[in-house]
Each structure stands twice: as C-alpha cells, then as structure tokens.
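**Q** If you read the protein sequences in the order shown, they are chains A and B.
Using our numbering, you'd call the opening residue of the first sequence number 1 and step up by one each time.
Using our numbering, you'd call the opening residue of the second sequence number 1001 and step up by one each time.
Treat each hint with caution, since some may be false.
Stated by the list, open to error - Quick list of in silico lysine to aspartate or glutamate cross-link-like pairs, DMTMM-like style, CA-CA up to 25 Å:
id : chain 1 : residue 1 : chain 2 : residue 2
1  : B       : 1003      : A       : 139
2  : B       : 1188      : A       : 26
3  : B       : 1190      : A       : 132
4  : A       : 148       : A       : 30
5  : B       : 1188      : A       : 87
6  : A       : 148       : B       : 1055
7  : B       : 1002      : A       : 26
8  : A       : 55        : B       : 1182
Stated by the list, open to error - Which stretches of chain A does chain B cover? Using the computed rule of at least three CB atoms under 8 Å from a CB of chain B, they are:
id : segment
9  : 10-19
10 : 34-42
11 : 54-63
12 : 74-88
13 : 99-110
Stated by the list, open to error - Far from chain B by the CB rule (all over 10 Å, computed), these chain A residues:
id : residue
14 : 23
15 : 24
16 : 113
17 : 114
18 : 117
19 : 141
20 : 142
21 : 156
Since the hints were derived computationally from the structure, they do not count as laboratory data.
Backbone N, C-alpha and C fix where the C-beta goes; we use that ideal spot for every residue, glycine too.
One-letter residues, chain by chain:
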Amino acid sequence: MGIGPSTKETTLHHFRDPLVRTVAPDPDIDFQGIIVVGTPQDNYLKNLVGVRVSKMLESMRTNGAIVSADGWGNSDVDFMNTMSEIDDKGISVVGMKFIGKQAGFVVENELTKFVVDINKSAEGIETTVVGENNLSQLDAQKALGLLKLKMRHDGQVSQ
Amino acid sequence: MKKDTLTIQAYSIQKVSFSDDYHLSSGHLEIPDHPQFELDDRFKSVDIKLVDPRDCHFQINTIMDVMPISTKVLGKMGYGLSNTLTGVNVILTGADETGVQLHEFGSSDGYLDEKIKFGKDGTPDLDDTIILIDAVLKKDFEFNRETCEMIFKMADDYLQPIRAELKMLSGSQATESFDYVDEKHPGKPKVALVKEVAGQGAMYDNILFPQEPAGITKGISIIDMDNMPVLLTANEYRDGVIHALV
C-alpha cells in the first residue's frame, strides 16, 4: 500500500500547505521549521530515518512536534516508529494521518490516541477522489491545539 | 534584500487561450496547444486542454499531479521575490495508449468532475482555469522512476516559458502582494513539523530544491537522498521547495 488518490499531497498542496500556514505564524509557539523525511522500503533504513529525525529535534531543543504522513499502509511503520523515537527524547508529539475505517493502526500503543484522523469521506475509505481526504486547515488547527495541551501536560510550558 | 522575508506577488489571470506562442499580459495568458520541443520517444502524444471546473464532465486519465505556476524573480528559494499566477492551475494526467494508468496505488481515472474535489488546498478552485496536460505513452513502456520523472519534466518544460514571461511582469501590475517574515517568538515553546513523504519508487517519490518554485529542473529526489530528514524553513516551503511525484 502507499498513497491513494484521495490522500495524495499534490505539488499545489505543498505550495499552499495548510499545516505550515497554520502552525508557522502561531504566536504561542516559536516555530523552528519543517523536517521532510522519506519512507524507505528497507527496515534498517525505516528505523534509521526515524532516529535521525528524533536526534535532529533533540539537538534543536524542540519542545513539541507534529508528525504528518501523506499515505497509509506500510508507511504506518515509519510513522509510529518516528513518533516513538521523538517521544523517547522527552519531546511532546502528536500525529496526523488518514485513518477512517480502512487504515486503522495494526498495532496500538500509548501514542496512537494522539493521532488526528484526517479522513473526510462519509464511508471512511480511500475514495480515489483527488483532494477529498487531504489534510485541511481545520485538521491542522486540531493538531496544533492538541500539541499545545500535550506540551502543557508534559511540563514543556512554564505556567 | 532581507533574507528573512519572502515576498510573493500574485498576478490574477482572467483568461487563458491558445495561441502560436507564449504571451502573458495583464490578466490574459496565451499558451501553445502543444509542447514546442521534441518529445521523448516513449510518448505517443501529449494533449493540452483548457478546462472550466464548472463544466468538466468528461473522461480523464489518472491525475498525476496538480501544480501552480510560480517563478523566482529575485533572491533564492525561501527569500526575495517570487511571482505567482492565480486563477490558473495545471493538472497532469497520464496513461499508455492501451489505457494502462500511471499510478502507484489507486487510480483517479474517470470523469474529471467526479474524480477531484475542487477548492481544496491541493486542487484548483472552481473559478480557476485548468491547463490539463494529458501524457499518453506508447504501449509496453517501462513503468519506473525514470519514465515518470521524464513525464513530469515534459510538463515542467512546457510551463517554463510561462515562468519566463511571468518574471518580466512589473510589480505595479500585481493583483496582491504578500510578505512572509520568518517570525521568532523567543521564550515560547519550540515547535517543529515533521512531514513524512513518499520515497520508494515510481509515482511514490518527491523532489526537493528545484530551481523554480514547484518545478522539476535541478531538483533532487528524496529517494536519492536515501530518504534522510532535511530541515526546511517555512518560507522555503511557501516558495515551492517540494514537487510531489505521487
């Protein structure tokens, strides 16, 4: 499995990315940047890229991270692995991914409840309609709100 | 030039029409109805259509990408000045002459109005004009990264003369202008985004650092970087640092 038409992030989607648009200018946070990471086939590399992301964030002294995925299926391994590596470094982390009724997690852990489902279709499936199940500004606002609450809960915010 | 500020000037296009050559004047874009260069041997044909999203109940091949038309005028990716066309976006579709669709996981071939949700961040608005580029390969083609990149490159080369015209427009003709400043909020919790993107093969790839915003030329595939994480600024992202090949 990989990326279906309804979740694929087109070049135009990246250009007008609602996640960047929502999170980058938010006055409650100090925005550091966007880490783009691929989803390798090889298991050794899957693990390695997740570790490298977490080390990068640790070195940047990051307090909180939002991890989003543009597909589902075998890339869920990379997704949960990366979230766990970030969590292990004491960084608050929330995720965003297409789940619906079709793409639930094979293995649940303590982090899966911090993943925002970006499904929009009534049936909760890959509809093969381009743009239908893309991450929207509302999804981005939900994830940012959830991250702010989690950072407060985790003691990342002093107040 | 401030390195922490990206200015995007938007030029609104009201009319797109076919002509013998590329021409861009206030509100009117003229383009040829076929690429004006020699096509790769693997192509059977490349058809270009102008489409109104309110009237598009016709059959299309699978949607390979939706692209904006933007160009760097001053500075480098992420700062300086970029010019962007609004009111027009590009859809690239593809198949071979026998109808085999060019996709990795799930095809969106069918009636255009049923296979796309207009008005999303990643899709054209209902008021836009769509430049629909339909790439048809000869049968028995090899479905690999190189073939797919060649198709995206053909579309990019077709659009480049529009960018060349767009670079020359005067700022006074711009419909809107946006300044994006890399804002720092010291003392607030530090937050980063991690975007996992495809990187496993043909139609499951992304290109970073193209020469032109949302372009292909000179870009580097995330697969060729072994999918390793790359840190980008918000302004690089807004300036089209990624071209999706999914």
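**Q** Is the claim that residue 24(A) lies outside the interface with chain B correct, judged by CB distances over 10 Å?
**A** Nearest chain B Cβ is 4 Å from residue 24(A), so the label is violated.
**Q** Would the pair residue 148(A) and residue 1055(B) pass a check requiring their Cα atoms to be no farther apart than 25 Å?
**A** 44 Å, violated
**Q** Against chain B, does the segment 34-42 of chain A show at least 3 residues with beta-carbon separation below 8 Å?
**A** Contact hint for the segment 34-42 of chain A vs chain B: holds, 8 residues under 8 Å.
**Q** For the pair supplied as a hint, residue 55(A) and residue 1182(B), is the alpha-carbon distance within the 25 Å limit?
**A** Judged against 25 Å, a Cα distance of about 24 Å means the pair holds.
**Q** Given the hint that residue 1002(B) pairs with residue 26(A), test it: the Cα-Cα distance must not exceed 25 Å.
**A** Roughly 22 Å between the alpha carbons, so the hint for residue 1002(B) and residue 26(A) holds.
**Q** So if I understand the rule, the pair passes when the alpha-carbon distance is 25 Å or less; does residue 1003(B) with residue 139(A) pass?
**A** Distance ~31 Å between residue 1003(B) and residue 139(A) Cα, so the pair is violated.
**Q** Residue 23(A) clear of chain B by more than 10 Å, beta carbon to beta carbon?
**A** 6 Å, violated
**Q** Is it correct that the beta-carbon of residue 114(A) has no partner in chain B closer than or equal to 10 Å?
**A** 14 Å, holds
**Q** Measure nothing beyond the straight line between the CA atoms of residue 1188(B) and residue 26(A); if it is 25 Å or shorter, mark the hint as holding.
**A** The hint holds at about 10 Å.
**Q** Confirm or reject: residue 113(A) is not an interface residue toward chain B, with every Cβ-Cβ distance exceeding 10 Å.
**A** 18 Å, holds
**Q** For the segment 54-63 of chain A, do at least 3 residues have a Cβ located nearer than 8 Å to some Cβ of chain B?
**A** Per the Cβ count (6), the hint holds.
**Q** For the pair we were handed, residue 1190(B) and residue 132(A), check the Cα-Cα distance against 25 Å.
**A** 32 Å, violated
Checked against the numbered hints above, the structure breaks hints 1, 3, 6, 13, 14, 15 and 21 and satisfies the rest.
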